[in-house]
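Both chains are sitting in their own frames, so use the hints and assemble them into the complex.
Below are the chains, spelled out letter by letter.
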Amino acid sequence: AQSVSQHNHHVILSEAASLELGCNYSYGGTVNLFWYVQYPGQHLQLLLKYFSGDPLVKGIKGFEAEFIKSKFSFNLRKPSVQWSDTAEYFCAAANRDDKIIFGKGTRLHILP
Amino acid sequence: KAGVTQTPRYLIKTRGQQVTLSCSPISGHRSVSWYQQTPGQGLQFLFEYFSETQRNKGNFPGRFSGRQFSNSRSEMNVSTLELGDSALYLCASSLSGTGARAFFGQGTRLTVV
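As you go down the protein sequences, you meet chains A and B in turn. When we follow my numbering, the leftmost residue of the first sequence carries the number 1, and every step to the right adds one. When we follow my numbering, the leftmost residue of the second sequence carries the number 113, and every step to the right adds one.
Excised from the complex, chain B in its bound form (with noise of 0.2 Å):
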């Protein structure tokens, strides 16, 4: 079974544009997370869709959004990037929803300059 697929796998953006990351579930799992990581902070929640609708959401500004397709695949997208932006952005799936054991992607280096 293939595992969780994020690309691209690193990105290099200037500030004020806007980013388009993606990922690919695992197969069956419905369930789709996003979190951002940063030294110092850990893994924080961005969101989770759940069925193409969006669950949970973490403490982020609205600069940061998503969407998921009916074929599970998420996207991630963030306007007017900022330096501060700069980070592993991370996709996890599992099958039922974040309660549940999450699969994790390698991740997308994001880089604002």
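Chain A on its own, in the form it takes in the complex (with noise of 0.2 Å):
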């Protein structure tokens, strides 16, 4: 079945930490795949999405994330969280056509 797997239900790092969070996907055939993001009280705002081609995609906000299709990750990056990032993060995947699946989420939380 069809499935996504976020590694991290809470992460709290400190301003100007790294961040990386993890994804997962069970997924047959050619799949496109997206970072979410949710903050406190708005509504879901796509942060990136891989649809082809350079596996490493960049998004707004300095974020980016890797595909890679060997270990059907796509793990989300930023090397210097603020405290502005505070939210909760969410990966999904689609088939071409097909519904979007998302993981149950990652809660970011830094501290100022």
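Note that these hints are calculated values from the structure, not bench results. Even glycine gets a Cβ: it sits at the ideal position worked out from N, Cα and C. Any given hint could be a false lead.
Listed below are the simulated DSS-like cross-link pairs for lysine-lysine, each with C-alpha atoms no more than 30 Å apart in a straight line [stated by the list, open to error]: (1) A/71 x A/104; (2) A/71 x B/169; (3) A/104 x A/69; (4) A/104 x A/61; (5) A/58 x A/71; (6) B/169 x A/49; (7) A/49 x A/104; (8) A/61 x A/71; (9) B/125 x B/169; (10) A/71 x A/49; (11) A/104 x B/169; (12) A/49 x A/61; (13) A/69 x A/49; (14) B/125 x A/104; (15) B/169 x A/69.
Partner residues are not named here, just some residues of chain A that face chain B (Cβ under 10 Å, in silico) [unchecked claim]: (16) 22; (17) 28; (18) 32; (19) 34; (20) 46; (21) 99.
FRET-style restraints, in silico, Cβ to Cβ [as the list claims (entries may be wrong)]: (22) B/128 x A/83: 38 to 48 Å; (23) B/121 x A/8: 26 to 36 Å; (24) A/51 x B/194: 30 to 40 Å; (25) A/13 x B/213: 22 to 32 Å; (26) B/164 x A/51: 23 to 33 Å; (27) B/128 x A/22: 37 to 47 Å; (28) B/164 x A/79: 45 to 55 Å.
Laid out in structure tokens, this is it:
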């Protein structure tokens, strides 16, 4: 069955620390991959997406993710986090024209 | 361009009642998907409508249903509400289907008492 797993449910970091959030997917065929972010009280927003091409994808606000096909992974990274990055992050995957399946989310808390 | 609009934003219902939630997608978007978001469970897919037809369905009981109108607006209905139906219900629209980029609304917070 198709699934998306996020390794960490809750991450706490200090400002300026580096961030890596893990995501693994279980999908057959060509897969589209996404990272969404939900800031407190706001709606889900797309951080970045991978459809094809360069496996290193750059998104908004300094985030990037790397698609590693052999590991079925799409980890999210940011070299130096800010307090404003406090949010919940969701990894998601979909086959073309199929439903998007989300991971259970990672709550990121940045200490000022 | 206006974003995805969901109404109402908040609802309180009692067990056994039914509820209808509404979603207006971004203009030009033909795909509308619905998700249930609960703490610890993340977003669980309910169903997707494309050009008035249900194209994908998640693993929810038949009490959850939906429809899409010719203007792409969508409604979701939950009958015989249970306490466990309390959640944030999110609607997402996209141009061609949920494999593409989806834009989310702010959600409807449903509380069942």
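Tested hints:
1. Using a Cα cut-off of 30 Å, the hinted pair residue 71 of chain A and residue 104 of chain A holds, with the two alpha carbons roughly 20 Å apart.
2. Restraint check for residue 71 of chain A and residue 169 of chain B: satisfied, since their Cα atoms lie roughly 28 Å apart, inside the 30 Å limit.
3. For the hint pairing residue 104 of chain A with residue 69 of chain A, the CA-to-CA distance comes to about 21 Å; that is within 30 Å, so the pair holds.
4. Among the hinted pairs, residue 104 of chain A with residue 61 of chain A is consistent with the structure: their alpha-carbon atoms are about 22 Å apart, no more than 30 Å.
5. For the hint linking residue 58 of chain A to residue 71 of chain A, the alpha-carbon distance of about 20 Å falls within 30 Å, and the restraint holds.
6. Distance hint between residue 169 of chain B and residue 49 of chain A is fulfilled; the C-alpha atoms sit about 23 Å from each other, no more than 30 Å.
7. Taken as a hint, the residue 49 of chain A and residue 104 of chain A pair is honoured in the structure, with Cα atoms around 18 Å apart against an allowance of 30 Å.
8. Proximity of residue 61 of chain A to residue 71 of chain A is assessed by CA-CA distance (about 26 Å); at most 30 Å being required, the pair is judged to hold.
9. Restraint check for residue 125 of chain B and residue 169 of chain B: satisfied, since their Cα atoms lie roughly 25 Å apart, inside the 30 Å limit.
10. Pair hint residue 71 of chain A plus residue 49 of chain A holds up; C-alpha atoms about 18 Å apart against a cutoff of 30 Å.
11. The straight-line distance between the Cα atoms of residue 104 of chain A and residue 169 of chain B is roughly 19 Å, inside the 30 Å bound, and the hint therefore holds.
12. Of the supplied pair hints, the one linking residue 49 of chain A and residue 61 of chain A holds, its CA atoms being roughly 14 Å apart against a limit of 30 Å.
13. Straight-line distance between C-alpha atoms of residue 69 of chain A and residue 49 of chain A comes to about 15 Å, which keeps the hinted pair within the 30 Å bound.
14. Simply put, residue 125 of chain B and residue 104 of chain A have alpha-carbon atoms about 26 Å apart, close enough for the 30 Å limit, and the pair holds.
15. At most 30 Å may separate the alpha-carbon atoms for a hinted pair to count; residue 169 of chain B and residue 69 of chain A meet this at roughly 27 Å.
16. A cut of 10 Å between beta carbons decides the hint on residue 22 of chain A: the least distance to chain B is about 15 Å, and the hint is violated.
17. The beta carbon of residue 28 of chain A comes no nearer than 14 Å to any beta carbon in chain B, farther than 10 Å, and the hint placing it at the interface is violated.
18. The restraint placing residue 32 of chain A at the interface with chain B holds, with a minimum CB-CB distance near 5 Å, inside the 10 Å limit.
19. At about 8 Å, the closest approach between the beta carbon of residue 34 of chain A and any beta carbon in chain B falls short of 10 Å, and the interface hint on this residue holds.
20. Taking 10 Å as the C-beta contact cut-off toward chain B, the hint placing residue 46 of chain A at the interface holds, the least distance being around 6 Å.
21. This hint holds: residue 99 of chain A has a C-beta 4 Å from the nearest C-beta of chain B, less than the 10 Å allowed.
22. A beta carbon spacing of about 45 Å between residue 128 of chain B and residue 83 of chain A agrees with the range 38 to 48 Å that was offered as a hint.
23. Between residue 121 of chain B and residue 8 of chain A the beta carbon distance is about 30 Å. The supplied range of 26 to 36 Å therefore holds.
24. Separation of residue 51 of chain A from residue 194 of chain B is about 38 Å and conforms to the stated range, judged on CB atoms against 30 to 40 Å.
25. Taking 22 to 32 Å as the suggested C-beta distance range, the pair residue 13 of chain A and residue 213 of chain B conforms, at roughly 28 Å.
26. Taking 23 to 33 Å as the suggested C-beta distance range, the pair residue 164 of chain B and residue 51 of chain A conforms, at roughly 27 Å.
27. Distance hint check: the CB atoms of residue 128 of chain B and residue 22 of chain A are about 42 Å apart, consistent with the given range 37 to 47 Å.
28. Hint check: residue 164 of chain B to residue 79 of chain A, Cβ distance near 46 Å, so the stated range 45 to 55 Å holds.
Hints 16, 17 from the list above are not met by this structure, while the remaining hints are.
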